[in-house]
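Protein chains in written order, with UniProt numbering: chain A, 1 to 348; chain B, 1 to 348.
FYI, nobody ran anything at the bench for these hints, they're computed from the structure.
Source: prediction; values computed, not measured.
Some clues are possibly wrong.
Same chains, same names: a pair is fine if it fits in one copy or spans any two.
As the list claims (entries may be wrong) - Only pairs whose alpha carbons sit at most 20 angstroms apart, straight line, appear in this in silico SDA-like list of lysine to any residue:
1. LYS131 x TRP205
2. LYS345 x TRP175
3. LYS110 x CYS89
4. LYS345 x GLU172
5. LYS345 x SER171
6. LYS151 x LEU214
There are 2 protein chains.
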Amino acid sequence: MVRKVKDGGKDESQDDVEAKPLLDVPTRHTAGFVDRGTEKPQWKIKSVVTVALTLLTSSQAILIVWSKRAGKYEYSVTTANFLVEALKCALSLAALWRIWGTEGVTDNNKLFASLDEITVCTVPAALYLVKNLLQYYIFAYVDAPSYQILKNFNIVSTGVLYRIILKRKLSEVQWAAFILLCAGCTTAQLNSSSDRVLQTPLQGWMMAIVMALLSGFAGVYTEAIMKKRPSRNINVQNFWLYVFGMIFNVIAIFVQDFDAVMNKGFFFGYSLITTLMILNHALSGIAVSFVMKYADNIVKVYSTSVAMLLTAIVSVFLFSFHLSLAFFLGSTVVSVAVYLHSVGKPRR
Amino acid sequence: MVRKVKDGGKDESQDDVEAKPLLDVPTRHTAGFVDRGTEKPQWKIKSVVTVALTLLTSSQAILIVWSKRAGKYEYSVTTANFLVEALKCALSLAALWRIWGTEGVTDNNKLFASLDEITVCTVPAALYLVKNLLQYYIFAYVDAPSYQILKNFNIVSTGVLYRIILKRKLSEVQWAAFILLCAGCTTAQLNSSSDRVLQTPLQGWMMAIVMALLSGFAGVYTEAIMKKRPSRNINVQNFWLYVFGMIFNVIAIFVQDFDAVMNKGFFFGYSLITTLMILNHALSGIAVSFVMKYADNIVKVYSTSVAMLLTAIVSVFLFSFHLSLAFFLGSTVVSVAVYLHSVGKPRR
Chain A
1 MVRKVKDGGK DESQDDVEAK PLLDVPTRHT AGFVDRGTEK PQWKIKSVVT VALTLLTSSQ
61 AILIVWSKRA GKYEYSVTTA NFLVEALKCA LSLAALWRIW GTEGVTDNNK LFASLDEITV
121 CTVPAALYLV KNLLQYYIFA YVDAPSYQIL KNFNIVSTGV LYRIILKRKL SEVQWAAFIL
181 LCAGCTTAQL NSSSDRVLQT PLQGWMMAIV MALLSGFAGV YTEAIMKKRP SRNINVQNFW
241 LYVFGMIFNV IAIFVQDFDA VMNKGFFFGY SLITTLMILN HALSGIAVSF VMKYADNIVK
301 VYSTSVAMLL TAIVSVFLFS FHLSLAFFLG STVVSVAVYL HSVGKPRR
Chain B
1 MVRKVKDGGK DESQDDVEAK PLLDVPTRHT AGFVDRGTEK PQWKIKSVVT VALTLLTSSQ
61 AILIVWSKRA GKYEYSVTTA NFLVEALKCA LSLAALWRIW GTEGVTDNNK LFASLDEITV
121 CTVPAALYLV KNLLQYYIFA YVDAPSYQIL KNFNIVSTGV LYRIILKRKL SEVQWAAFIL
181 LCAGCTTAQL NSSSDRVLQT PLQGWMMAIV MALLSGFAGV YTEAIMKKRP SRNINVQNFW
241 LYVFGMIFNV IAIFVQDFDA VMNKGFFFGY SLITTLMILN HALSGIAVSF VMKYADNIVK
301 VYSTSVAMLL TAIVSVFLFS FHLSLAFFLG STVVSVAVYL HSVGKPRR
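For reference, chain A alone in the conformation it holds in the complex (with noise of 0.2 angstroms):
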């Protein structure tokens, strides 16, 4: 077997697997394949991933405008999510395939993984799974607009949840950043029905909550995976992610759309749209992988605020929307605060 040995020491790429418990990742600046002089081709790396999830996040958004626009969703969502995860796990197994006939096959890029390695990955699908279920009753408590508003709480977990699990330090400024940027998220989403949240009940409150805890769980979850292993290719943690994301997948379309898969078929109203919109969906979802890995929660969440924004102001051009007040202010708000997370780094 193929064992790259850095630094004159021997391989740890297996024991930091196999010794430590999962949570407990290397912090950015301790981590191996950050301090090997290698500090320069991962901040390029870093900006290109950072910068792909934007671009994939904010045409996404204008694919389901455009979606909107030509018509009803047709199609069952269950069946898409499905195929996305197929799509993502057949890019990952594509990329492998490759690398292992430039490298070979090594310990790192090998498909097969420890049971460890593999009962992990089913931790973020199990959570996105369990969060896209609740995300049928809440409907009872919260309506469409409110749940908007009510989704950027997702920002204020991720970062919570981002410091307690994988104790990252955000420094004074940075956190005072991520507050801005859920009020300038939200600001930028006001429009005349969204004071109705104010009358959401309790129970929707909750709901929202936990939904936001648990996608921010998932993704601080998925980061650990990616981290824990640095030596690792990312193609194989992708593939077990995926993998798992389908069968996972596989569960929701038996619960919410079994009778209608049985009777109209599988890829009933499926449309060129619905092609590119799951392309675009599985790319995006690889992006997010890349960002795990070499970049963080932090950057996921100001890349997707920033797609956000693209997003509308692309809508000004495509579709002659209408930009309000409140969207300048809230990105006023956005963009002080990406300037201030990047200003405000801790003092090593």
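Since chain A is already given, all that's left is putting chain B on it; use the hints.
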């Protein structure tokens, strides 16, 4: 002529008026009276005057809401403004009277000043006069809710002129905080008609910007006057500022309300609440002077912004106001701005 030389002990209180041009104000940390081991009382008086200004400004807004509820303004606003200036003038004289009794008449508290010292006091009063006259014309281009929004330009203009004219430095984080303060105050004021501001014609924007510059310049110029000669008794400086305030308000009465005052009389429509408002305006005006002398324009802007939020919160209890989601978001942004301003102090 008495001259103080720094570190050598002679009086410098006079030459700082005569030797340098007005706007070459001593910066805060090199100004004589801060560095003379009086940092602590300085910090104390700064807090007291800031809190006083915040409370007076918020009660001012509450009195305005109260008077609107009681009926329309029946009295002429120009006569009320004149009385405010007259009352401030009287209060300054009364304070001086006491000081002369205890300390005797000194060079710093004598009422008669050099022609230079008196001339500069005409500038803020004249600027406010022009601004108040413009206010009558801007409504040809801008509707009332839009004007409320555009008035937030004052925050930006004060910050920019403070930097340019007084040459005070704000740190990067403090500049970011200042932009947030402006965005947050505007967000907190958003309502269903706010978006109309986007239809404001160019002339409306220009006039709003000119008015913001006039009021920003008046504020910054007042600070320059107050800080130019730190050892000068503040009541003398106030006296001369308010004398010209009275004179320029007489002009405003002639220009705007001559007929009404002639036909109905000077005190037509005055009520208990009018009297309370005049008293409140006079006290807040004096508080502004103290903030200018012992703190600065930036503190004043933060103080009045926080006052706006306090007013809204108090109005919930007094007038069963409804707070909007926009108000909560704006308040969050303003609070973060206040926090960032205080943690973001430039390093010395």
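Consistency of the hints with the structure:
no.	hint	verdict
1	LYS131 x TRP205	within (15 angstroms within a copy, 47 angstroms between copies)
2	LYS345 x TRP175	both (10 angstroms within a copy, 17 angstroms between copies)
3	LYS110 x CYS89	within (15 angstroms within a copy, 86 angstroms between copies)
4	LYS345 x GLU172	both (9 angstroms within a copy, 13 angstroms between copies)
5	LYS345 x SER171	both (6 angstroms within a copy, 15 angstroms between copies)
6	LYS151 x LEU214	within (12 angstroms within a copy, 43 angstroms between copies)
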